[in-house]
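K.L.:
For the record, the sequence lines run as chains D and P. Just so you know, we're using my numbering here: the first sequence kicks off at 1 and counts up by one. Just so you know, we're using my numbering here: the second sequence kicks off at 1 and counts up by one.
Note that these hints are calculated values from the structure, not bench results. Check the hints yourself; a few may be wrong.
Heads up, simulated DSBU-like pairs for lysine-lysine below, C-alpha to C-alpha not over 30 Å straight-line [said to hold, decoys possible]:
1) D:K44 - D:K62
2) D:K51 - D:K27
3) P:K51 - D:K44
4) P:K70 - P:K51
5) D:K27 - D:K44
6) D:K27 - P:K51
7) P:K51 - D:K71
8) D:K71 - D:K27
9) D:K51 - D:K71
Here the structure is a predicted model, which means the values were calculated and not measured.
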Amino acid sequence: NAGVMQNPRHLVRRRGQEARLRCSPMKGHSHVYWYRQLPEEGLKFMVYLQKENIIDESGMPKERFSAEFPKEGPSILRIQQVVRGDSAAYFCASSPQNLAGGAHEQYFGPGTRLTVT
Amino acid sequence: GQQLNQSPQSMFIQEGEDVSMNCTSSSIFNTWLWYKQDPGEGPVLLIALYKAGELTSNGRLTAQFGITRKDSFLNISASIPSDVGIYFCAGVLYGNKLVFGAGTILRVKS
Numbered sequence: 001n002a003g004v005m006q007n008p009r010h011l012v013r014r015r016g017q018e019a020r021l022r023c024s025p026m027k028g029h030s031h032v033y034w035y036r037q038l039p040e041e042g043l044k045f046m047v048y049l050q051k052e053n054i055i056d057e058s059g060m061p062k063e064r065f066s067a068e069f070p071k072e073g074p075s076i077l078r079i080q081q082v083v084r085g086d087s088a089a090y091f092c093a094s095s096p097q098n099l100a101g102g103a104h105e106q107y108f109g110p111g112t113r114l115t116v117t
Numbered sequence: 001g002q003q004l005n006q007s008p009q010s011m012f013i014q015e016g017e018d019v020s021m022n023c024t025s026s027s028i029f030n031t032w033l034w035y036k037q038d039p040g041e042g043p044v045l046l047i048a049l050y051k052a053g054e055l056t057s058n059g060r061l062t063a064q065f066g067i068t069r070k071d072s073f074l075n076i077s078a079s080i081p082s083d084v085g086i087y088f089c090a091g092v093l094y095g096n097k098l099v100f101g102a103g104t105i106l107r108v109k110s
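Build the full structure now, drawing on both the sequences and the hints.
P.N.:
This is the structure:
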């Protein structure tokens, strides 16, 4: 019963390159969330997706960042033209349904550590 | 935006001692979650709280959802070395977003 999978675990990019982070939710989960964590800080919400839909992207920078969760395949967080300030750990979480009913929690993957040189 | 104030920032305790940490907010949350994060790993869910006043246990861990819905605490009884890590509280907002506290770093002296 695999948990949330993320790859790569570590990613090094030079300034100006593109970073692609992948997330496969837990089996049976159709809701995916991306969070970002800077050293010694809590996680900050970026975006919430369901299959083929972006539900809430209020935490995502307007430029250079995009996310998708296609009908088939993993969710992708894409960062174009990376800058040093993008260096952080990016975590994906999944849940089986919207949390409005209060009945389900978010389960996190191991994260992707992005380093921009 | 909404903020969770988590305290203490760090703790250095003797093995076998009980530990207590808490989270407060100016906003009301309908769900509180407590996570533990080990270095280089993602947060692992420890306890979920859904009702004001609810007290829930998971082994040596006990957490409570404050009656005002603006706070929660986590207790760890009889701490052991593997309890080291960072503990985060998180409130569920708008039915999907999690708002995280800054974390409590727990170090145990064996």
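K.L.:
Does each hint hold? Answer for all of them.
P.N.:
Against the structure, the hints come out as follows:
| no. | hint | result |
| --- | --- | --- |
| 1 | D:K44 - D:K62 | holds, 15 Å |
| 2 | D:K51 - D:K27 | holds, 13 Å |
| 3 | P:K51 - D:K44 | holds, 24 Å |
| 4 | P:K70 - P:K51 | holds, 12 Å |
| 5 | D:K27 - D:K44 | holds, 24 Å |
| 6 | D:K27 - P:K51 | holds, 28 Å |
| 7 | P:K51 - D:K71 | violated, 35 Å |
| 8 | D:K71 - D:K27 | holds, 14 Å |
| 9 | D:K51 - D:K71 | holds, 6 Å |
Going down the numbered hints, you'll see the structure goes against just number 7.
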